[in-house]
Amino acid sequence: MKNIHINIMLSLALVVLLMTGCEREQKSGIRSVAYSNPDDYSTEEISSNVLRVEFGRGSGNNVSMFLSITDQDGIPLQNFTIGNIEMYQMLGQDSIQINIESMYELNKQGNPDPIAAAMTMDYSGSMSNSDIQSMEDAVKSFVRLKDDQDLVEIIKFASNIEKVQSLITDTSLLIQAIEGYTGVSGSTAFYSSCAEGINSVKNLTSVIPAVIALTDGQDNSSYISLNELIELAQITQIPVYTIDYGSTVISSNLLQLAEETGGRAFNSPDDSDIINLYEIISGQLSNLYV
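With the numbering used here, letter number 283 in the sequence shown gets 297, and the count goes up by one each step, no holes.
For the record, the hints were derived by calculation from the structure and aren't laboratory data.
Some clues are possibly wrong.
What the hints assert, rightly or not - Pairwise CB distance ranges (calculated):
1) Thr219 with Tyr195: 26 to 36 Å
2) Ser282 with Asp184: 23 to 33 Å
3) Glu245 with Gln111: 38 to 48 Å
4) Ile182 with Asn234: 46 to 56 Å
5) Ile112 with Ser144: 50 to 60 Å
6) Thr262 with Ile112: 38 to 48 Å
7) Ser109 with Ile182: 41 to 51 Å
8) Gln103 with Asp184: 37 to 47 Å
9) Gly139 with Gln103: 44 to 54 Å
10) Ser265 with Glu193: 21 to 31 Å
11) Met117 with Leu218: 38 to 48 Å
Quick caveat, the model's predicted, so the values are computed rather than measured.
Backbone N, C-alpha and C fix where the C-beta goes; we use that ideal spot for every residue, glycine too.
With the hints as extra help, turn the sequences into a complete structure.
Printed below as a string of structure tokens:
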């Protein structure tokens, strides 16, 4: 049996197991079965992220988990059922299995909630003119691909942080904000820019929030540390996706930030990669199991 473990940073420590190679009867009467899809010939690895947890969703005192299940390339996987998943509450070295009452797929077809993405863009001294041009082209391509109801915010940073466009659906205004002059320059407040993005989307309702950071990963003037930023993202349940640009990329920081907040790290995409990148991020955020 191949189990995939996910730790959820909440007041409760939970572990989710995806059943991908075994079968057994549970006390609840639900049979745990291996996930399989006879039409899938490409999946070599399955990974999962818990994007958020809601208390009291629907009736009663239920706890709802929004779970993203993807293959090795970040492509969402479908056809998982309640029998493919087990959940445990960890109490020190002991664990208690939690009853899963229901499970269903939430996607763009059945989910009216739009994506709300705060995009942070690095204009610090370590980014060359060509790096900045490539980054701007990527963000413009990303914005043009979004669904009409999806909201995007543009944040530019270096020593200072400038919110050049608040959350909006209007693609033309977003393009203007991306192309417009920026007064930011100098050193790098990368972590602070991500914190500003989190604060922009954390209190919104009826949206799927995320931060998408485009940077070389350097930071030398933030009011918040990497660990503090990760903790903020975990507490607010906002995934941070990182896209690296520049010749002096600190990939370890970007990977840690993405992995520990439920996002994903991407390496210097060119124009041809942006469509795939958008589909991965949009797919992970919009195709969930609840």
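A quick look at each hint next to the structure:
For the pair threonine 219 and tyrosine 195, the supplied restraint of 26 to 36 Å holds, since their beta-carbon distance comes to about 34 Å. Separated by about 28 Å at the C-beta atoms, serine 282 and aspartate 184 satisfy the suggested range of 23 to 33 Å. Under the hint 38 to 48 Å, the C-beta atoms of glutamate 245 and glutamine 111, about 28 Å apart, miss the expected range. Under the hint 46 to 56 Å, the C-beta atoms of isoleucine 182 and asparagine 234, about 31 Å apart, miss the expected range.
Checking the proposed 50 to 60 Å range against isoleucine 112 and serine 144 shows it holds: the Cβ atoms sit about 51 Å from each other. Threonine 262 and isoleucine 112 have their C-beta atoms about 45 Å apart, which keeps the hinted 38 to 48 Å range intact. Look at serine 109 against isoleucine 182: about 45 Å separates their beta carbons, and that is inside 41 to 51 Å. Look at glutamine 103 against aspartate 184: about 44 Å separates their beta carbons, and that is inside 37 to 47 Å.
A hinted range of 44 to 54 Å holds for the C-beta pair glycine 139 and glutamine 103, which are about 48 Å apart. For serine 265 and glutamate 193, the Cβ-Cβ distance of about 28 Å falls inside the hinted range of 21 to 31 Å, so the restraint holds. Under the hint 38 to 48 Å, the C-beta atoms of methionine 117 and leucine 218, about 25 Å apart, miss the expected range.
Of the numbered hints stated above, those contradicted by the structure are hints 3, 4 and 11, listed in ascending order.
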